[in-house]
Structure formats: C-alpha cells, structure tokens
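> Here is how the chains run, residue by residue.
Protein chains: 2
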Amino acid sequence: MATTLTPPESLDWVFARPRTAKLGTVTASGAPHVAPIWVARDGDRIVFNTGADTAKGKALARDPRVSLCFDDEAPPFAFVIVSGTAEISEEPEALRHWAGVIGGRYMGEDQAEAYGERNGVPGELLVFVTPTKVVGVLDIAD
Amino acid sequence: MATTLTPPESLDWVFARPRTAKLGTVTASGAPHVAPIWVARDGDRIVFNTGADTAKGKALARDPRVSLCFDDEAPPFAFVIVSGTAEISEEPEALRHWAGVIGGRYMGEDQAEAYGERNGVPGELLVFVTPTKVVGVLDIAD
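Same order as they appear, the protein sequences are chains A and H.
So in our numbering, spot 117 of the first sequence is number 117, and the numbers just go up one at a time.
So in our numbering, spot 65 of the second sequence is number 65, and the numbers just go up one at a time.
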C-alpha cells in the first residue's frame, strides 16, 4: 500500500541521504526544462548553487517558481515533489559556505572546502527555495 | 574528466537499465512541474502512460513540449536530458501493449500482463516523445 508523507516527513526523506534534485524551470519560450542539481537543507528551505549565466540561472531570474523532484528508482518506488519559490542571493560569505556544505554532502566532507572555493565565486548564485507545496509518497508499487 | 554523449549514446545509457524519467511540464498557471514516470523505448522515441485527468495529462493536452531528465545520483554522476514533443494516442491495443512493456521493465516480466490490464484502459493515455534535443554527460565529478 502506498503511504503518503506529511511535508516535514517528506523533507526528512529527501535529506536522509544525498539524493539529487531534478529541478524544473520554464524556458524563455515557455517550454519546460529539467536538470539534476545538488541541494542542501536550511531548516524548511532547500538550497542550491547555479551559475547566473546558465539556463537554470536565467530561468530563475525571469520566474522564481520551481519544482524539485526526488525519487527512488527501484521497487517499491517513492517520490517527493516540492513546489516552491526561489530567492536568489549573491552574498559572498553565504555563497562560499553553502557551496562547501553542498559539495561535502555529495563528494565527501574532505571535498567541502574545495567545492566552497570552486563554486563560491562571483557569477555563481545561491538559491533558497521556500516550499509552497510538498507531496511525498512511499511504497508506490507495494 | 566529464564525457559528452551523442544523442544515440544518451538513449542507450537511459535504457541500459530501468531508470525512471523525471518529466517536466508546465502547469496552467505557467509554473514548472516535475514528476517521476516509467518509460520504454520505441526506436528513437520515448513512450510512457499517464492518466488523461492527471496534472501531467492535462499539461500535455495544452502544450506538447516536454523535458525528460535521467541521472545517476552517486559519484561520478551522470545525466541525460531529453527535450521533445509529445504525441498522444488512445488506441486501445497500443495502449495495452505499451502498458505491459513499461510495467514489465520496472516490476519484472511476470508483472507485464497485470500492468497491461491495469494501465491499458480507457482514461489512460499513451504518450510518444520525439526528441528534439538530447544532452548526455557522464563522469561529471571525475
């Protein structure tokens, strides 16, 4: 039987291990675009880095609405979909801090500083997503 | 070093195992929406089922443009993003056939017939995506 999660349970599931988010944005022509990103948790917000000049960065500058999808790709399957609003920061200290936290989550703690230096630089954006709707379902195919 | 795949190599990577696609669509309000789906391969096309009354089904009826994202969530990381155009069929025999193929891919061959019966019914749509752009990158963090 499929199990529905509450929003807090959904975020706990998302951050229980370093899953990648699939970030949905809308291009200038109105077409959807989905790309994988690394994320970290800041309380109830989801944080990620992207370049100001990338497709993702430009889309967020036009429209702050995003969709973030996480899933288990094997039976019994599970997913969490977060709809939210993005706020962009270019504050150097926060950018470097979060770039390190995010890099460390996916590549190991010993890599955190290197990722902070690499991704905590001008031209990179720090994006905080405040969820407006969270849907989580476990054991879909059970 | 990251390796860029050609479009045919990208599709081979996608279908080498039963990965879920993260389907990006645009809602009526213009916001992005991403959800996981099961897919199968029909030559150069990607096939999936969805309900006519679901958010996905309604979005495709409004705008046939889709984005499909597949990724490896662990080092060295990899992804394929397929931008494409969806064509919808409700032809009963094809619907039942593909619902079985798709269910069998993810749940095992012994489940194919059950999924064909369950998802190959009126109200379900068969969606064929013809890729217009395919981007594939392996060994991103190497």
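Do not take every clue at face value.
Below, computed lysine-lysine pairings styled on BS3-like, alpha-carbon distance capped at 30 Å [stated by the list, open to error]:
| no. | chain 1 | residue 1 | chain 2 | residue 2 |
| --- | --- | --- | --- | --- |
| 1 | A | LYS58 | H | LYS133 |
| 2 | H | LYS133 | H | LYS58 |
| 3 | A | LYS133 | H | LYS58 |
Sample of chain H residues at the chain A side, in silico, Cβ under 7 Å [claimed, not checked]:
| no. | residue |
| --- | --- |
| 4 | ARG19 |
| 5 | LYS22 |
| 6 | PRO36 |
| 7 | GLU73 |
| 8 | PRO76 |
| 9 | THR85 |
| 10 | SER89 |
| 11 | ARG96 |
| 12 | ILE140 |
Between beta-carbon pairs, the in silico distance windows are [stated by the list, open to error]:
| no. | chain 1 | residue 1 | chain 2 | residue 2 | range |
| --- | --- | --- | --- | --- | --- |
| 13 | A | ARG41 | H | ALA2 | 46 to 52 Å |
| 14 | A | ARG118 | H | HIS97 | 28 to 34 Å |
| 15 | A | ASP53 | H | THR3 | 30 to 36 Å |
| 16 | A | GLU91 | H | PRO75 | 41 to 47 Å |
| 17 | H | HIS97 | A | ASP44 | 32 to 38 Å |
| 18 | H | GLU93 | A | ARG118 | 35 to 41 Å |
Since the hints were derived computationally from the structure, they do not count as laboratory data.
Glycine is no exception: its CB is placed at the ideal position from the N, C-alpha and C atoms.
> Look at each hint and say if it fits the structure.
Against the structure, the hints come out as follows:
1. Only pairs whose Cα atoms come within 30 Å are accepted, and LYS58 (chain A) paired with LYS133 (chain H) is accepted, the gap being roughly 19 Å.
2. Of the pairs offered as hints, the one joining LYS133 (chain H) and LYS58 (chain H) holds, with about 23 Å between alpha carbons and a cut-off of 30 Å not exceeded.
3. Of the supplied pair hints, the one linking LYS133 (chain A) and LYS58 (chain H) holds, its CA atoms being roughly 19 Å apart against a limit of 30 Å.
4. The beta carbon of ARG19 (chain H) comes within 6 Å of a beta carbon in chain A, closer than 7 Å, and the hint placing it at the interface holds.
5. Using the Cβ-Cβ criterion of 7 Å, the hint placing LYS22 (chain H) at the interface with chain A is satisfied: the shortest such distance is roughly 4 Å.
6. The closest approach between the C-beta of PRO36 (chain H) and any C-beta of chain A is roughly 4 Å, which is under the 7 Å cut-off, so the hint is satisfied.
7. Given the 7 Å rule on beta carbons, the hint for GLU73 (chain H) holds: about 5 Å separates it from the nearest Cβ of chain A.
8. The beta carbon of PRO76 (chain H) comes no nearer than 10 Å to any beta carbon in chain A, farther than 7 Å, and the hint placing it at the interface is violated.
9. Against a cut-off of 7 Å between C-beta atoms, the interface hint on THR85 (chain H) is violated, since the closest Cβ of chain A lies about 10 Å away.
10. Annotation: interface hint on SER89 (chain H) violated; nearest CB of chain A at approximately 21 Å, more than 7 Å.
11. At its closest, the beta carbon of ARG96 (chain H) sits 19 Å from a beta carbon of chain A; the interface hint therefore is violated under the 7 Å criterion.
12. Among the interface hints, the one on ILE140 (chain H) is violated; its C-beta lies about 9 Å from the nearest C-beta in chain A, farther than the 7 Å criterion.
13. At about 27 Å, the CB distance of ARG41 (chain A) to ALA2 (chain H) disagrees with the hint of 46 to 52 Å.
14. Here the CB-CB span from ARG118 (chain A) to HIS97 (chain H) is close to 49 Å, at odds with the stated 28 to 34 Å.
15. Against the hinted window of 30 to 36 Å, the Cβ-Cβ separation of ASP53 (chain A) and THR3 (chain H) comes to about 23 Å, which falls outside the hint.
16. Separated by about 29 Å at the C-beta atoms, GLU91 (chain A) and PRO75 (chain H) break the suggested range of 41 to 47 Å.
17. Taken as a hint, the range 32 to 38 Å is violated for the pair HIS97 (chain H) and ASP44 (chain A), whose Cβ atoms sit roughly 45 Å apart.
18. Range check, GLU93 (chain H) to ARG118 (chain A): Cβ separation about 53 Å, and the 35 to 41 Å hint is violated.
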